[in-house]
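**Student:** Same order as they appear, the protein sequences are chains W, D and P. Heads up: the first sequence is residues 1 to 242, going by the numbering used here. Heads up: the second sequence is residues 1 to 289, going by the numbering used here. Heads up: the third sequence is residues 1 to 339, going by the numbering used here.
Please keep in mind that the hints were generated in silico from the structure rather than gathered at the bench. Please note that the accuracy of each hint is not assured.
Unchecked claim - Pairs of lysine-lysine, BS3-like flavour, derived with a Cα cap of 27 Å:
#, chain 1, residue 1, chain 2, residue 2
1, D, K85, W, K76
2, D, K85, W, K56
3, W, K107, D, K162
Here the structure is a predicted model, which is why all the values come from computation and not from measurement.
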Amino acid sequence: MSNDFLAVNNLTVHHGQLCAVDDVSFSVQRGEVFAMIGANGAGKSTLMRTIAGLQKLTSGSISFKGQEISLMPPHKRVKFGVSLVPEGRRLFSSMTLEENLQVGEFKSNKGPFNIHRIYELFPWMPDRRRQLAWQFSGGEQQSIALGRALLTNPELLLIDELSLGLAPIVIEKIYALIPEIVKEGLSVMIVEQDVAQGVGVASRVHCLLEGRTSLSGVPADLTSEAIERAYFGADLNSTKDH
Amino acid sequence: MIWFNLIIQGILVGGFYALFACGLSLMFGVMRVINLAHGDMAVVAGYVAVMLTPHFHIPMLWSFLVVVPLFGLVGYLVQRTLIQKSIDRDPFTTLLVTFGLSVVIENALLQLYTANAQTISIGSILYKSWHPASIIYISYQSLVVLAIAVVVLASLQLFLSKTGTGRQIRAVADDQEAAQLSGTNYRHIFGVAAAISFATVALAGIAYGMTTQFAPTSGGINLLFAFEAVVIGGIGSLWGTLVGGIALGIAQQIGSHINPQYTLLGGNVLFLIVLAIRPQGLFGKKSSL
Amino acid sequence: MSISPREIGSDLVSIRRTTHSPGITLVVAGAMIGVLTGAPWIFPASFVTVLMNFFILVSMATMWNLMAGYAGMVSIGQQAFVGLGGYATLYFALKGMSPYVAIPFSALTCALIAIPVTYLLFRLRGGYFSIATWVVADTAGIIIGTIALFGGGTGRPVPGFTNFSPTQITNFAYLSCWFVALVVIAGTYLLLRSRLGLVLSSVRDNEISARSSGVKVTSARRTVFIIAAAGCGAAGAVLAIAQPYVQVSNEFNIQWAAEMLFVSMIGGLGTVEGPIIGCVIFFALQQSLQSYGAWYLIIFGSLAVTIAIWQPRGLWGAFRDKFHIELLPVGYWTRSKKQ
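Next comes chain W alone, as it looks inside the complex (with noise of 0.2 Å):
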């Protein structure tokens, strides 16, 4: 085993009879923010999934700490340090904010975050604390996820589509969390399809393609350009250079 925190080796993810992901390997170290871009429908939310336990893998290994966890159902990964905030939000529509929180705190693991954390994390929660989640706007929805999430009290957090239909000025704002969160220790594994939102944060960007790598690097010595043809593909300029 490697002493990589979290290691993806030659996964493979098959939905039905579609392929995913394809082969995909990669690794993401402790204390790191690591961003993984892609098109629509490049794989990057069945791989989050994947690794999250809501999804079966074909092949490949997933070993987080040292530890194989590819067979462990979810909520043994959740109590194991791994913690996804869903594409889509998904809260529990029927419950209050707060309700929603104390169910991400109920089995959660020893850490830096209780509901008290998170109120001062998102000051405007205590006072519609009560309110059904469906209530709430997008951007607030994003936040109620994001603390649900965090009060499991992971060491390794998966934000799936953080900005996906949110307004600029509201992803700004979860965004500028981020450092936040990676300051009490945690490290922290985006999807995004917001190319400049993803690069910006992580230091390192891994790029999928239609199921497979297409790039990867540290963000500084990746050229627009390169990115660009990784995200969308090669033949976008007709040209074969492999």
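Position chains D and P relative to chain W; hints supplied.
**Tutor:** Okay, now just chains D and P, sitting in the frame of chain W:
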């Protein structure tokens, strides 16, 4: 005065229906399973009370102290094995399996205890009734059952909203995957929901046995009533189930007032009317259908 | 849908319905039909009675399987149409029609009643649909039980047999049961090979994609429900003739639904042969355990539950998958041609 009496009697019997139905409603809300053996579990509870209580040297009235926890345990185990296995296949299989169980249970009871009717005799003041006005008789027994139903529903409501496990149950009902991402073992939560369902229906079965006679095949008709109460009240709403039970009780009383043969017809007609006009029920959300 | 199967067949793959020569099937089927038609004159009376009950259940189970195995509707209220079919026969016989002639009319009556019923039931899905079918059956039973002409709850003998000798009555009852079963099975088989069969299998494979490609799922389900009502009505009619007595507690008994379900599941849901094979097992168990009371139902029910969980294709389904044999093929087998 006659109508007033019909409503009083309807409310009394409606409380019993709600007690019977809340477990059915809970199981559907949480794991989308309709337990077609739900009614039979009540009958089994009645038989267990009759057959087992003498061995514990406790009065019949207190038999629920043994039977209800026992059924909670049985519910958890049946869920974690048989029902979970069918859920893992598809919703269709859960119907086939629970219906199969229902038939097996009824015939097993028939084989073991014959078709003779049984009753849980408690021989106490509960058989008396309160007689506040000329034609109104309120039996203490149905009053007690109504009170139990209200207490059970209220505690269930409290449990679901105020405890961590209760919130997990609601979380799983809302969004199973999101609940797992929050550290919830949904299979365990399914088991807990089934345990509550079996325990409440066992209590209902004992209450039923104290009120009237029961036989191996009594489960079916009770499942029908429970189901009607759930649909009339609205799927997934506990208090809706109580209102649904009471509405069903009143409809049956009205039916029986017209002609004793029409008791059940009254309930069925109300059910079909609700189905035609408001299929989500009185308190239900449209999406839950 | 511009390419016809034959065009494909001519080129790369061969497409056949059968896995073996259709000639053999025809000969075997012809011989069986001959023997079963002559059964009252070949077999002892006790066996003929068993056969009679067998065919009644085969008809019901085939209809139930059409609904559940092909259209995804689990009904636990098919006894509604068994009962209505029986009482329709009683009604026509009371009005002077020969009970035998009344069979198709009883089936038609059930189909007509089923039409408005679908508009009510199709508002519910899954399990709620199932229990609602039961409520409908319960309601129908209660209403029939209050009609004085039908003898209320105690029932009434079916008239119209006075011109026949006892032997004739038994033989004709048997033949009615057998012919109804034959028509129901043959009808189901032809139906599944028709356009409707194609629609049903596309819905079964993927309802959402079927809907989005313009398949009228609800109307296909409605058609199946109505046909199943007619089939169960015919079974109820021959049940009334076989008795020859109708009674609410017998005709509207949920036991019928239980037997239909078990037999279909054990034999194999979604195959034409399944319910028939399930019935054979059912009657074999019933006959060999008949001195032990309800045990055959307990064993049979447990077997059905076990099969539903661990072998959902049923015994015939498992057998067929293993040996690639189909007696009554409704789909196609495709095979690449050797280049």
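**Student:** None of the hints should be skipped; say for each whether it holds.
**Tutor:** Comparing the hints with the structure gives:
| no. | hint | in the structure |
| --- | --- | --- |
| 1 | K85/D / K76/W | 21 Å, holds |
| 2 | K85/D / K56/W | 18 Å, holds |
| 3 | K107/W / K162/D | 15 Å, holds |
In summary, the structure agrees with every hint in the numbered list given earlier.
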